[in-house]
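Trainee: Listed below are the residues making up each chain.
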Amino acid sequence: MRAAVVVFPGINRERDMARALTLIAGRAPTMVWHADTALPEGTDLVVLPGGFSYGDYLRCGAIASRAPIMEAVRDHAEKGGLVLGVCNGFQILCEAGLLPGALLRNAGLKFICRDVHLRVERSDTPFTRGYNAGQVIRVPTAHGEGNYFASPETLAELEAEGRVLFRYTDAEGQVAERANVNGASNAIAGVLSQKHNVLGLMPHPENHVETIMGSTDGRGLFAGLVDHFVQAA
Amino acid sequence: MKARVTVTLKPGVLDPQGKAIEGALKSLGVTGVASVRQGKVFDIEIDSVDAARAEAALKAAADKLLANVIIENYQVEVLR
Numbered sequence: 073m074r075a076a077v078v079v080f081p082g083i084n085r086e087r088d089m090a091r092a093l094t095l096i097a098g099r100a101p102t103m104v105w106h107a108d109t110a111l112p113e114g115t116d117l118v119v120l121p122g123g124f125s126y127g128d129y130l131r132c133g134a135i136a137s138r139a140p141i142m143e144a145v146r147d148h149a150e151k152g153g154l155v156l157g158v159c160n161g162f163q164i165l166c167e168a169g170l171l172p173g174a175l176l177r178n179a180g181l182k183f184i185c186r187d188v189h190l191r192v193e194r195s196d197t198p199f200t201r202g203y204n205a206g207q208v209i210r211v212p213t214a215h216g217e218g219n220y221f222a223s224p225e226t227l228a229e230l231e232a233e234g235r236v237l238f239r240y241t242d243a244e245g246q247v248a249e250r251a252n253v254n255g256a257s258n259a260i261a262g263v264l265s266q267k268h269n270v271l272g273l274m275p276h277p278e279n280h281v282e283t284i285m286g287s288t289d290g291r292g293l294f295a296g297l298v299d300h301f302v303q304a305a
Numbered sequence: 121m122k123a124r125v126t127v128t129l130k131p132g133v134l135d136p137q138g139k140a141i142e143g144a145l146k147s148l149g150v151t152g153v154a155s156v157r158q159g160k161v162f163d164i165e166i167d168s169v170d171a172a173r174a175e176a177a178l179k180a181a182a183d184k185l186l187a188n189v190i191i192e193n194y195q196v197e198v199l200r
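So the sequences go chain by chain: A and B. Remember, the numbering used here sits 72 above the position in the first sequence when you count from 1. Remember, the numbering used here sits 120 above the position in the second sequence when you count from 1.
Chain B extracted, bound-state conformation:
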């Protein structure tokens, strides 16, 4: 079973990397970009065929390691 965990910085947490990317896009002439926030994506293969179990495992993975919940939010998707 394929799954994806997306980790993003919480609103209000300074993201200097996102700002630098935003500036680079502007200097490349890409118009209409109001702001950029950088995050992380984890593509994960899950042994389980049970979607609920897979989701529980992914949440545990995110809480225990993939995200630092002081500064980051995460979202879990089971892709099947």
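So here's chain A without its partners, still in its complex pose:
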């Protein structure tokens, strides 16, 4: 799997992402600068990592979503190429219009930095074939604006089309008010594009991939992606 990690000024999780990709895919990703206008030839997966691009000025992800490289990311997505946005990357994808909805300030107003439980809603996508449908994983989250919002019509469409891929739940996989850490609509932690090739999620699977991190629950996402390209080859 040839991955490209886009680096925007103010991003701070790009090395964690590169480490996870290198560890699990066995191949280091190419780091691509935001001012570049093209992705490396043969890129399979584009990753927009977490952080605080442009200091979160204006709105989280707003300025990064208009960066020169985003035209190439948009072309890649339109051709069916895979795009993964984590945390700030999810915010950038929403601001770019590659995913529906927006991420608002956490309902409790506080920055949340702790492990959360997510229920994997389906396993038949390139991003979740390393998991079982209904499986609960524990991954870290670190954000102040992760409260997913979309119009009632858009939410109904996402649910009907099975595009909610990850939901905040308790350790048993039950949706509960306390487990929905940021107050997201329908406890949505991750959503897919219509063609299932673009995923945005708030928590950080790349930070739970080695035993020393306390959990390896995030590995499934990357292992599944690798498997997706092995099967496709």
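For the record, the hints were derived by calculation from the structure and aren't laboratory data. Only true hints are included.
Mimicking DMTMM-like on lysine to aspartate or glutamate, the simulated pairs with C-alpha atoms at most 20 Å apart in a straight line are: (1) B:Lys160 <-> A:Asp128; (2) A:Lys182 <-> B:Asp135; (3) B:Lys130 <-> B:Asp183.
Using the hints, position chain B against chain A.
Mentor: Just chain B, lined up with the frame of chain A:
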């Protein structure tokens, strides 16, 4: 030419910051505040002297960057 773009959250979009400000006003003893919604104001200098052109430029700025029309409304004023 001076201009102003005001960006506000659409009705129905949760505004926890506005709620916190509302609570703070109440605890300060400011009475009669029914609710608060927080927004943004952009004061912009426009090169053009043509008001219609300036307004078109401001609308483009708001649509392309200043507002996220999924969650926000905006209003454009050319102040002269």
